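Participant: Okay, here's what each chain looks like letter by letter:
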Amino acid sequence: MALDNAYIQQQLTAQFGEDFFSFSESYGMLTAEFAKESNLKVLQFLYDEPSLAFRFLTDLCAVHNPDLEGKELCVVYHLHNLTENVRLRLKIYTSIQAPQVFTATRLFSSANWMERETYDFYGVNFTGHPNLKRVLNVDEMDYFPLRKEYPLEDQTRIDKDDEMFGRG
Amino acid sequence: MMTETLQHIQLPEGSIEKQTTTLNLGPTHPATHGVFQNIIELDGERIVSAESTVGYIHRAFEKIAERRPLYQITPLTDRLNYCSSPINNMGWHITCEKLLGVETPKRVDYLRVIIMELARISDHLICNSIVGVDTGAFTGFLYVMQYRELIYEIYEEICGSRLTTNIGRIGGFERNFSATAFSKLEKFLKEYPEVLKEFENLFTRNRIFMERTIGGGAISAERALNYGFTGPNLRAAGVDYDVRVHNPYSSYQDFDFIIPVGKTGDNYDRFLVRNEEMWQSLSIIQQAYQKIQEFKGKDAEVYHADVPEYYLPKKEDVYTKMEALIWHFKIIMGEVDMPKGEVYQAVEGGNGELGFYLISDGGRAPFRLHFRRPCFIYYQAYPELVKGGMLSDAVVTMSSLNLIAGEMDA
Numbered sequence: 001m002a003l004d005n006a007y008i009q010q011q012l013t014a015q016f017g018e019d020f021f022s023f024s025e026s027y028g029m030l031t032a033e034f035a036k037e038s039n040l041k042v043l044q045f046l047y048d049e050p051s052l053a054f055r056f057l058t059d060l061c062a063v064h065n066p067d068l069e070g071k072e073l074c075v076v077y078h079l080h081n082l083t084e085n086v087r088l089r090l091k092i093y094t095s096i097q098a099p100q101v102f103t104a105t106r107l108f109s110s111a112n113w114m115e116r117e118t119y120d121f122y123g124v125n126f127t128g129h130p131n132l133k134r135v136l137n138v139d140e141m142d143y144f145p146l147r148k149e150y151p152l153e154d155q156t157r158i159d160k161d162d163e164m165f166g167r168g
Numbered sequence: 169m170m171t172e173t174l175q176h177i178q179l180p181e182g183s184i185e186k187q188t189t190t191l192n193l194g195p196t197h198p199a200t201h202g203v204f205q206n207i208i209e210l211d212g213e214r215i216v217s218a219e220s221t222v223g224y225i226h227r228a229f230e231k232i233a234e235r236r237p238l239y240q241i242t243p244l245t246d247r248l249n250y251c252s253s254p255i256n257n258m259g260w261h262i263t264c265e266k267l268l269g270v271e272t273p274k275r276v277d278y279l280r281v282i283i284m285e286l287a288r289i290s291d292h293l294i295c296n297s298i299v300g301v302d303t304g305a306f307t308g309f310l311y312v313m314q315y316r317e318l319i320y321e322i323y324e325e326i327c328g329s330r331l332t333t334n335i336g337r338i339g340g341f342e343r344n345f346s347a348t349a350f351s352k353l354e355k356f357l358k359e360y361p362e363v364l365k366e367f368e369n370l371f372t373r374n375r376i377f378m379e380r381t382i383g384g385g386a387i388s389a390e391r392a393l394n395y396g397f398t399g400p401n402l403r404a405a406g407v408d409y410d411v412r413v414h415n416p417y418s419s420y421q422d423f424d425f426i427i428p429v430g431k432t433g434d435n436y437d438r439f440l441v442r443n444e445e446m447w448q449s450l451s452i453i454q455q456a457y458q459k460i461q462e463f464k465g466k467d468a469e470v471y472h473a474d475v476p477e478y479y480l481p482k483k484e485d486v487y488t489k490m491e492a493l494i495w496h497f498k499i500i501m502g503e504v505d506m507p508k509g510e511v512y513q514a515v516e517g518g519n520g521e522l523g524f525y526l527i528s529d530g531g532r533a534p535f536r537l538h539f540r541r542p543c544f545i546y547y548q549a550y551p552e553l554v555k556g557g558m559l560s561d562a563v564v565t566m567s568s569l570n571l572i573a574g575e576m577d578a
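So the protein lines, in turn, are chains U and Y. Going by the numbering used here, 112 is the number at position 112 of the first sequence; the sequence numbering is gapless. To get the numbering used here, take the position in the second sequence, counting from 1, and add 168.
So here's chain Y without its partners, still in its complex pose:
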């Protein structure tokens, strides 16, 4: 009788017998870096099983896209992987250009390459420094932030916005790069190598960091392929698949770079692969900038292809020329019919193969648009990656996979 009244904590039925603890990681947990949930079953600190729930910020982009003309879909793609939205924008433009059969001038391609590689650097920078934060090293994260800031300033100089960029148009860019944009790019190219070197010094051979990351969240190449891994996560497992090399777009074949590969597919290899990719991106930007400076005279002014049906004319032309006015009206009102067709175009996004599957029935909006979102596909491997490991490693694994909730949930 006495013992019953003293019992203040009511444990659920069977909880003592099962000998494990259920832990909710997320949806809003500082360790998830995004809105998704993991229900983890723990035996002490070891993970017995994990179950992931996603979809907290689903915004029905595929449905919305079915009512929009092509150029209005660009802002939707921004919001997929918002750490590298220019890559998504460019990928979408390239998909549209493939459907429409637009040939872009070389200078446009190189400018796009610069922007995409800058975006890749900022994406990898965030991912790697977050891995640092989760292993207890906050310095790197704060230190590299100012260079991400510089990248965002370059975006701002080109398109006016920073995070959700809506950069570029079908056929090229909305305006030519300004002198300020190029001088900021030069500043970046000059200062960033030193910063990246220092960032590397903080982590790469750091005993604590190595102990924390080596062996955690490992996956074999075979399993990674079966799980549909792409991008740095697949390369860390030892498969040298890179869309930039396998299906070159935007003149990537003109550039000289190597694809870094890892071996074990663990958190440390993922970190190293991303790190090396930043060096490669830097070298690509340098090459592209050099190529751009080689254009002389009229060629050096080209920043878009000639596609009057989809590329907005200059404002002064709209006021003075009949034809420009007609196109302007038609584009703004979304009255341009697309050709019929079905196209799949992939680009190497920040965290893997970002694919656009576009079906047009000849109307003004896509009949169907599907985004192949890399992190939605590889996140399902998470329970397998963390099973048997420690809870604290599961957190590092999550951040080293570069999961972006916006991309996962579309």
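With the rest of the complex left out, here is chain U:
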């Protein structure tokens, strides 16, 4: 049986139950959303199950949406089955007050820096990560710059007296 979105959906529901996932499809890629506590179980199942075999972690990043109360931060995994050439997107949500998510570094070595980057910019705490510290920003930084509460500077602001840069 060819590996397609319907089959993945069916396999995942059979393993984890009916209400576990909420599925959607965007531009041909299946997206599965589920509770953050089970991220390792799901990743492991997708890795081990021979008919699914999602063994390549393409990308890992986070999204901040301040409007979603209690699930402000979203961690997105892009998985790829290279033999069947099918991609899959997984999403887990966490609140910004307690952004704890289990690390995927034991399964994928590539997750190491990607999780560090996600921590660096969004402050997602990956529990069990071997070396969770900032990777692109300076260590002394005390905020998470890609969160939406830090807007880029308004180019038209006039309260800054800075003649060197044409303001003021």
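Hints listed in this document are in silico derivations from the structure and should not be mistaken for laboratory results.
Rough simulated footprint, nothing fancy, chain Y against chain U, three-plus residues with beta-carbon under 8 Å:
#1 26-35
#2 73-86
#3 111-120
Keep in mind it's a predicted model, so treat the numbers as computed, not measured. Every residue gets a Cβ at the ideal spot worked out from N, C-alpha and C, and that includes glycine.
Add chain Y to chain U, keeping to what the hints say.
Facilitator: For chain Y alone, coordinates are given in the frame of chain U:
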């Protein structure tokens, strides 16, 4: 008493007991070819452990992109892998087109393929000749530079700039290729094979080069996959994954080419894979150029799709036609709302799968844009690659991985 006053060199506590030397390779070291640091622990000349630090030229592109309309993000993508910026530009355009549902004409696709393959050649050329430089062969590097120069002249003919190209627009190109561009391309196609052959002769069966590169920085296919390797580095380890074949974009399915694979994933195999890819790219360009010449009449003039919302109208139309003026104003002021959606689009960049993950909430700028930057992901394997090897091999490994600091740090 006497011995104490004669001690001029103060060694740090415990340095004699530990029997190893700590060496800082970088951030600005001629061997790193870019701004990143490696703290290497040496036992004699053997590497015990390595720790990499990146982020020295982080420029917050993902944040900046959240305030910019789509067309203003193209110049940001230039500055990722600046050795092959046209591929990044095209990848970004293709991502936008996927989100907007734009169909590009075949001629545009083929023109893009020509540009992307030229960029791939210039990228691999730099990487391979730098491997040569690090093994002590400077000639190749200087010799091929003039052909990279020719590639840059072709870019210049099309878009006006050379390194950070900002080439193309959503839907196609900003202008049609000029006759000069095509004649330069013909010159390249005619002269380059000979140059590449000669470049190959300098290295491929060169005893010294082989001794220096075979076995250094090797990685198994399994480990490479686990580390998220893509592109030539993964193929050198023996996995035939190429985005151009697996998820064709820009009509790559119309072309006939093979994916070279290596076996051991060491520096020599990486060199060979890149070398063969240059031949394949050359053949793709020839095919694309032939296909372009087959277009006749009006079809031969097409260089962009019809997307008035995103493609800037001609200047004379802006001055004479109302509709063109409105679109021009809206595009320049960034007043076009994007459709809602979430798209991931990957292209085969110079050093691996370059992915764009774009989330739009229906606004004028992306809600979130994430770049999957191949060398950021595979660089974390570096300590494992060099462990147990010689210091001088670590330098070659670094250059043969094709690490581009701009891409790594975003």
